[in-house]
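K.L.:
One letter stands for each residue in the lines below.
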Amino acid sequence: MDHQRIEDDGLVESYVTDRLGEAERTEFEAHLVDCPQCLDQVEAAQGLAAGLRGLGPSAAPVETLPTPRRRSPGVTGLALAASVVAAAALGWGVTEQRRLGRVLEAEREARAAAEARAQELARRQQEPPAAAVTPAVRPPVPIPVPVLMLVATRGTDLPTLRIVEDSGPVVLSVERESPPRFSRYRVRLSREDGTEVFTGLFPPSSRDAVVLAIDAGLIPKGNYVLALEGETASGRRTQLPGHRFRVAR
Amino acid sequence: MRRILDGETAAERELVERFSRGIRAILRTVARDAAVSDDLHQETLRVLLERLRAGEVRAPAQLPAFVASLARNLATRHYQRARKVAEDSTLRLARLEDQEPDALERMSRAEEVRLVRQVLEELPVERDRDLLRRFYLGQESKERIQADHGLSSLQFNRVLHRARKRFQELWMARQSARSRHL
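Respectively, the protein sequence lines represent chains X and F.
To convert, note that position 204 of the first sequence is 732 in our numbering; the numbers rise steadily by one, no gaps.
To convert, note that position 126 of the second sequence is 282 in our numbering; the numbers rise steadily by one, no gaps.
Keep in mind that the hints are not guaranteed to be accurate.
What the hints assert, rightly or not - Label pairs and their in silico Cβ distance ranges:
(1) X:Glu720 with F:Ala217: 37 to 47 Å
(2) F:Ser308 with X:Arg712: 30 to 40 Å
(3) X:Ser762 with F:Glu212: 44 to 54 Å
To be verified - A few chain F residues facing chain X, derived, Cβ under 10 Å:
(4) Ala224
(5) Ser225
(6) Leu271
(7) Glu278
(8) Ser297
(9) Lys298
(10) Gly306
(11) Ser309
(12) Arg314
(13) Lys321
(14) Phe323
(15) Trp327
(16) Met328
Unchecked claim - Over the 12 Å line for every Cβ pair with chain X, so calculated as not near, a few chain F residues:
(17) Ile160
(18) Leu161
(19) Thr165
(20) Ala166
(21) Arg214
(22) Arg290
(23) Leu316
If you're looking for bench data, these hints aren't it; they were derived computationally from the structure.
A virtual CB, placed ideally from N, CA and C, is assigned to each residue, including glycine.
Given these sequences and hints, build the entire structure.
P.N.:
As structure tokens, then:
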């Protein structure tokens, strides 16, 4: 069983939502049990399914037609859903925690670069310039941290990052090319008028995204452009489609 | 497999490491209770080693399929037995499986659900949100959802796959940002 077929046939999604026939399910499980890449996908999908079921009726579409489930003929749907949510959500949490450790490392680097840049900008604004800048003590970081996911879409709406606090981290998660080709990315964030805000070199945070953590103080209200350049392991660079977004406060 | 037949414990450990995660993923689709899933996981590994030591699987290429079917069969058998016990004792299976979780477990569930809702709302593309909600809730047929969005089967699979990956990335970004400051 090859991964192109798994993606084209939506086998991960169908498996997790119990939509595969027995033969297909058996074939998929024989592959899954020994494939870390598919296990990543299945575990994430199991967590999503569990979480969505846990949301209850508010997550459901307005019009739904209940369809008979293949399993559990004698089991009440709601009671079963609740127990499935419990098992899968907890399992996913543990798995995700491990995966997040890897993402976190990449993000720390991004964060350090952002902070260095913020301090540099602060120094430039100081008069007289000779005075040393003491890094300010940060106020407690608000939770949740604002996150904006930037994906390639043809939509006309400008994605908006809403920031409540004046400082503290915000996260930009930029979707990578598929399949992944680059080992690192040159990122340049600028205002719409071309003023550079931030630039840096980042490794991918995962197979699917480059995650940047920057300080909210760097990006006041306005429109921004995030330009990306992919760099292969051999050093070859390719300009990638940029992303426009809006910051609202 | 040869090393296992020779009684090499390091080989058994490698086998467990290789298949443990996959067995868990399969059991999670069958077992509705975390404790039952844990028990079945241990049981699957125990029986697997027993069978391999007995030389029941000879071709290494057949090993993954053997492991997968063993996990599913043990889980299915467990629930068949549980159902039988439930019927015999006039208890409902659903009640057996729906015991009250402890306080910590309830909090973990509530937190996970809250985060899923939050991340879902942050997905930038409305179509992604709609597809994920409808498909993963499992109440509608795939054909109906894809018809509503004007997608072919192949397009639907790809769009759904991408939507779930976006959700996953956003979830991870959110989690990593939170865990750094906790």
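K.L.:
Please go over all the hints and tell whether each is borne out by the structure.
P.N.:
Against the structure, the hints:
| no. | hint | result |
| --- | --- | --- |
| 1 | X:Glu720 with F:Ala217: 37 to 47 Å | violated, 58 Å |
| 2 | F:Ser308 with X:Arg712: 30 to 40 Å | holds, 36 Å |
| 3 | X:Ser762 with F:Glu212: 44 to 54 Å | holds, 48 Å |
| 4 | Ala224 | holds, 4 Å |
| 5 | Ser225 | holds, 7 Å |
| 6 | Leu271 | holds, 7 Å |
| 7 | Glu278 | holds, 6 Å |
| 8 | Ser297 | holds, 6 Å |
| 9 | Lys298 | holds, 7 Å |
| 10 | Gly306 | violated, 15 Å |
| 11 | Ser309 | holds, 8 Å |
| 12 | Arg314 | holds, 7 Å |
| 13 | Lys321 | holds, 5 Å |
| 14 | Phe323 | holds, 6 Å |
| 15 | Trp327 | holds, 7 Å |
| 16 | Met328 | holds, 5 Å |
| 17 | Ile160 | holds, 16 Å |
| 18 | Leu161 | holds, 20 Å |
| 19 | Thr165 | holds, 21 Å |
| 20 | Ala166 | holds, 19 Å |
| 21 | Arg214 | holds, 17 Å |
| 22 | Arg290 | violated, 5 Å |
| 23 | Leu316 | violated, 5 Å |
Consistency with the previously given hints fails for numbers 1, 10, 22 and 23, ordered from lowest to highest.
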